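Participant: Here is how the chains run, residue by residue.
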Amino acid sequence: MNSLIKDWTDQLFDAAETGRKLNIRGGGSKSFYGGAETGDLLDVSVNRGIVNYEPTELVVTVRAGTPLAELQAILAEKGQCLPFEPPHFGPGATVGGMVATGLSGPRRQAVGAVRDFVLGVKLLDGKGELLSFGGQVMKNVAGYDVPRLMAGSMGTLGILLEVSLKVLPLPVAEKTLRFVMSEADALEKLNLWGGRPLPVSASAWSDGALTLRLSGAEAAVAAATLKLGGEVVNAPDAFWISVREQTHAFFAADAASAAPLWRLSVPSVAPSLNLGTTLIEWGGALRWLRGGDVQLIRTAAEQVGGHATLFRGEHALKVSTGVFQPLSAPLARIHRNIKSAFDPHGVFNHGRMYPDL
Amino acid sequence: MSIDSNFSDPRFAVDREALIARLRKVLPVQALLIEDEELRPYECDGLTAFREMPLLVALPENEAQAQALVKVCYELKVPIVPRGAATGLSGGAMPHRDGVVVSLAKLKKIIKLDPVARTAVVQPGVRNLSVSEAAAPFNLYYAPDPSSQIACTIGGNVAENSGGVHCLKYGLTVHNVLRVRGITADGEIAEFGNAALDAAGYDLLALMNGSEGLLALITEVTVKLTPKPELAQVVLASFDNVTKAGDAVASIIAAGIIPAGLEMMDKKATHAVEPYVKAGYDMNAEAILLCESDGTPEEVAEEIGRMKAVLEKSGASEIRVSQNEAERLKFWAGRKAAFPAVGRVTPDYLCMDGTIPRKRLAEMLIAIADLSQKYGLRCANVFHAGDGNLHPLIMYDANQPGEVERAADFGADILELSVAFGGTVTGEHGVGVEKINVMAVQFSLSEISAFHRLKAAFDERGLLNPGKGIPTLARCREYTQTRAGAALSAPRF
Chain V
1 MNSLIKDWTD QLFDAAETGR KLNIRGGGSK SFYGGAETGD LLDVSVNRGI VNYEPTELVV
61 TVRAGTPLAE LQAILAEKGQ CLPFEPPHFG PGATVGGMVA TGLSGPRRQA VGAVRDFVLG
121 VKLLDGKGEL LSFGGQVMKN VAGYDVPRLM AGSMGTLGIL LEVSLKVLPL PVAEKTLRFV
181 MSEADALEKL NLWGGRPLPV SASAWSDGAL TLRLSGAEAA VAAATLKLGG EVVNAPDAFW
241 ISVREQTHAF FAADAASAAP LWRLSVPSVA PSLNLGTTLI EWGGALRWLR GGDVQLIRTA
301 AEQVGGHATL FRGEHALKVS TGVFQPLSAP LARIHRNIKS AFDPHGVFNH GRMYPDL
Chain B
1 MSIDSNFSDP RFAVDREALI ARLRKVLPVQ ALLIEDEELR PYECDGLTAF REMPLLVALP
61 ENEAQAQALV KVCYELKVPI VPRGAATGLS GGAMPHRDGV VVSLAKLKKI IKLDPVARTA
121 VVQPGVRNLS VSEAAAPFNL YYAPDPSSQI ACTIGGNVAE NSGGVHCLKY GLTVHNVLRV
181 RGITADGEIA EFGNAALDAA GYDLLALMNG SEGLLALITE VTVKLTPKPE LAQVVLASFD
241 NVTKAGDAVA SIIAAGIIPA GLEMMDKKAT HAVEPYVKAG YDMNAEAILL CESDGTPEEV
301 AEEIGRMKAV LEKSGASEIR VSQNEAERLK FWAGRKAAFP AVGRVTPDYL CMDGTIPRKR
361 LAEMLIAIAD LSQKYGLRCA NVFHAGDGNL HPLIMYDANQ PGEVERAADF GADILELSVA
421 FGGTVTGEHG VGVEKINVMA VQFSLSEISA FHRLKAAFDE RGLLNPGKGI PTLARCREYT
481 QTRAGAALSA PRF
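The listed protein sequences correspond, in order, to chains V and B.
This note's numbering puts the first residue of the first sequence at 1, with every later residue one more than the last.
This note's numbering puts the first residue of the second sequence at 1, with every later residue one more than the last.
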């Protein structure tokens with residue numbers, strides 16, 4: 001690892017001196033996400049391996065270039081998992097990419113997001129300094145919460161070297177139910193159920209059907225199944241993987257037409273936005289949308305108190321509309337300041353989040 | 001307690017009379033306190049050993065007044081110390097000699113409670129418990145429950161990223177807050193997070209939680225509400241030695257159980273608590289564990305069975321399960337009253353707040369017993385054992401020569417050991433002024449510098465709660481040298 005860090009530091013200093021940019025890349029599975037990659041490729045996938053895993057502590061420390069699939073297999077051997085079900089979007093997905101993009105899967109509605117499970121990070125910042133924040137314990141309020149800041153920072157603040165993650169036992173029992181209902185009815189039911197102590201761990205509505213997953217103790221899942229009714233879905237894992245990995249018919253159908261895919265993060269109670277064909281996740285709090293008018297989408301998301309991301313789209317559209325919801329002036333200023341606090345020469349992943357970062 | 005303070009900070013040269021004149025223009029008369037007898041009640045927070053008289057105290061009645069006040073302070077380069085209910089245990093709300101304490105006590109409205117969305121929008125001065133009380137008719141509650149929840153406010157909870165006895169399963173404040181609205185040091189309104197589950201850009205909401213008032217003055221918070229479990233039951237287990245109890249904690253987690261709460265108290269703690277609260281604890285036990293399960297009745301029955309099996313196997317000498325809600329609350333009442341109970345049996349105590357990996361709990365308890373011998377001071381241990389978060393309460397008498405210093409060294413040893421065990425110097429009470437020196441043990445100078453740059457990204461002039469949270473580099477160097485010297489010298493008795 002030392003020679004790797006030396007090599008990367010040399011590249012960093014050289015880039016800073018000559019005004020070049022570095023494009024940090026793990027498996028490249030999420031290259032499609034965010035602004036276009038620019039600058040010289042810095043391949044971090046070589047920095048792999050589990051540093052420390054103690055199932056009784058519910059914590060794993062792993063090098064950032066470790067393939068996500070490899071980590072998940074090791075956790076599964078001990079009956080544990082990354083509870084937020086991170087999407088891979090390709091076989092090369094790495095732990096570092098998972099943290100940098102901050103994307104979570106179906107179970108997010110029940111357990112929290114990537115950021116809620118990042119306990120510690122080691123990183124190489126833009127000044128060439130090795131920094132370690134957080135640690136291997138659940139409760140830690142010494143200093144600012146830099147580990148969570150790294151989640152979703154799109155690699156703009158430094159090179160992630162190691163990440164400590166909280167893990168949880170795999171659910172003892174699971175059951176998936178399906179209900180035929182309209183979008184409006186699904187939103188109403190999801191919010192109603194969300195307010196009850198039911199073990200709902202995932203939800204997806206599209207094309208007139210609501211699919212609901214229950215996870216937890218045998219007794220809890222059985223009791224909830226009786227309460228909720230619906231049709232039991234056999235072999236449901238394939239379904240939830242298709243939602244997570246966006247191979248589900250909703251995502252695949254229009255992909256050929258290259259219609260942009262929008263991700264709207266909104267309050268679960270936001271009514272149907274009537275902006276086009278939709279797939280709803282997270283108990284109503286996540287709405288996927290194919291195509292549609294950029295301004296209408298951004299305005300609608302903001303009006304209900306959320307934000308819209310151009311999740312997949314052509315380069316030209318990303319450039320003209322921006323990938324992420326524009327920031328208010330005070331937040332934009334703080335973002336620029338944070339970027340220069342960690343990467344004063346503006347070397348890392350320029351433009352992956354906002355054009356000026 | 002003697003501290004070398006930042007309070008003669010040469011960066012701030014404030015003309016008090018000019019400041020009063022300017023603040024009078026933006027605040028109603030009753031919202032500005034200037035007389036000594038009015039200022040006195042604000043000289044400390046829950047960490048009473050650290051005191052300082054503020055220059056002034058302001059109690060804005062709405063966000064507009066707060067914003068106007070911040071703008072005046074920005075222009076005149078006056079430090080601001082935000083304050084909620086002042087229950088904090090690390091001196092985060094201790095005044096700055098040249099600064100204005102801004103109490104948010106008058107911002108105490110629950111603006112909106114949406115039972116369908118399961119959120120509440122509240123002002124920072126709203127008490128933690130009153131959120132749960134307001135949500136109770138809808139079978140919802142606000143999950144983080146610090147022991148001070150009757151008094152402490154949501155603004156303070158966000159500033160400290162407060163925990164509680166149920167955060168093992170339900171998370172800390174950071175996991176239960178969707179949005180923070182605040183005023184930046186230069187007087188602008190900023191929103192961190194939103195009404196959705198995530199927001200665009202950097203996760204500034206995560207930074208706000210636990211920022212100890214250094215990044216913005218909080219004026220509004222959106223919290224998540226959680227459905228009340230149908231049933232909760234707690235197992236009370238006794239152990240005839242602390243090592244068995246410590247190991248039982250690791251075994252419960254190893255069995256794949258995530259209890260709703262998992263707390264430990266040693267004999268000194270139970271003996272302080274029992275006469276005070278009459279919780280029904282086993283007075284012969286060297287340590288007790290409180291292990292809670294919640295969920296549907298079926299789920300709880302199943303989980304309690306698994307918990308009991310692990311506790312029996314771990315050598316528990318007695319196991320009792322709460323038979324009704326009144327008994328459950330009684331078992332918890334002892335734990336929640338542990339600090340004041342210890343306060344009754346000693347003139348003074350220092351509360352530590354390190355966190356360590358669970359598997360080292362037993363080792364830490366033994367080390368603390370050794371240190372107790374070494375320094376000649378008693379120590380009661382109250383742990384959020386499931387999270388590895390320790391609250392050793394070091395008992396001393398400030399009127400006995402040398403005890404203050406011995407208590408401080410005892411505490412520093414525990415915190416350094418926490419870091420050496422792979423943990424942290426503070427799990428939930430914050431750094432404040434109390435732990436500012438030991439930050440040097442946990443972080444390198446480069447990391448401390450990065451914290452300062454992060455602070456400057458929000459507050460370039462360093463006006464928000466200066467001297468708290470992050471030590472200066474000079475202070476870090478000094479502390480490291482002093483402690484290195486202390487380690488070489490013999491213990492002082």
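No lab work stands behind these hints: they were computed from the structure.
None of the values given here were measured: they were computed from a predicted structure.
Where hints are given, some of them may not hold.
Mimicking EDC-like on lysine to aspartate or glutamate, the simulated pairs with C-alpha atoms at most 20 Å apart in a straight line are [said to hold, decoys possible]: (1) LYS175(V) - ASP116(V); (2) LYS224(B) - GLU188(V); (3) LYS330(B) - GLU230(B); (4) LYS224(B) - GLU54(V); (5) LYS374(B) - ASP397(B); (6) LYS169(B) - ASP356(V); (7) LYS21(V) - GLU129(V); (8) LYS169(B) - GLU129(V); (9) LYS189(V) - GLU302(B); (10) LYS175(V) - ASP114(B); (11) LYS227(V) - GLU61(B); (12) LYS175(V) - ASP397(B); (13) LYS308(B) - GLU129(V); (14) LYS308(B) - GLU188(V); (15) LYS227(V) - GLU314(V); (16) LYS169(B) - GLU188(V); (17) LYS227(V) - GLU298(B).
Participant: If a hint holds in the structure, say so; if it does not, say that too.
Facilitator: Each hint, compared with the structure:
Straight-line distance between C-alpha atoms of LYS175(V) and ASP116(V) comes to about 25 Å, which puts the hinted pair past the 20 Å bound. Among the hinted pairs, LYS224(B) with GLU188(V) is consistent with the structure: their alpha-carbon atoms are about 18 Å apart, no more than 20 Å. Straight-line distance between C-alpha atoms of LYS330(B) and GLU230(B) comes to about 19 Å, which keeps the hinted pair within the 20 Å bound. Using a Cα cut-off of 20 Å, the hinted pair LYS224(B) and GLU54(V) is violated, with the two alpha carbons roughly 31 Å apart.
With a CA separation close to 17 Å, the supplied pair LYS374(B) and ASP397(B) stays within the 20 Å bound. Our distance criterion of 20 Å between C-alpha atoms is broken by LYS169(B) and ASP356(V), whose separation comes to about 39 Å. Annotation: proposed proximity of LYS21(V) to GLU129(V) holds, straight-line Cα distance about 18 Å (limit 20 Å). A threshold of 20 Å between alpha carbons decides the hint, and for LYS169(B) with GLU129(V) the separation of about 35 Å lies outside it, so the pair is violated.
For the given pair, LYS189(V) sits about 28 Å from GLU302(B) by alpha-carbon distance, which is inconsistent with the 20 Å threshold. Of the supplied pair hints, the one linking LYS175(V) and ASP114(B) is violated, its CA atoms being roughly 29 Å apart against a limit of 20 Å. Of the pairs offered as hints, the one joining LYS227(V) and GLU61(B) is violated, with about 48 Å between alpha carbons and a cut-off of 20 Å exceeded. A distance of roughly 59 Å separates the Cα atoms of LYS175(V) and ASP397(B); the hinted pair therefore is violated under the 20 Å criterion.
For the proposed pair LYS308(B) and GLU129(V), the alpha carbon gap of about 49 Å is over 20 Å, so the pair is violated. The hinted pair formed by LYS308(B) and GLU188(V) fails the criterion: a straight-line CA distance of about 40 Å is larger than 20 Å. Simply put, LYS227(V) and GLU314(V) have alpha-carbon atoms about 45 Å apart, too far for the 20 Å limit, and the pair is violated. Proximity of LYS169(B) to GLU188(V) is assessed by CA-CA distance (about 27 Å); at most 20 Å being required, the pair is judged violated.
With a C-alpha separation of about 14 Å, the suggested pair LYS227(V) and GLU298(B) falls inside the 20 Å cut-off, and the hint holds.
Checked against the numbered hints given earlier, the structure breaks hints 1, 4, 6, 8, 9, 10, 11, 12, 13, 14, 15 and 16 and satisfies all the rest.
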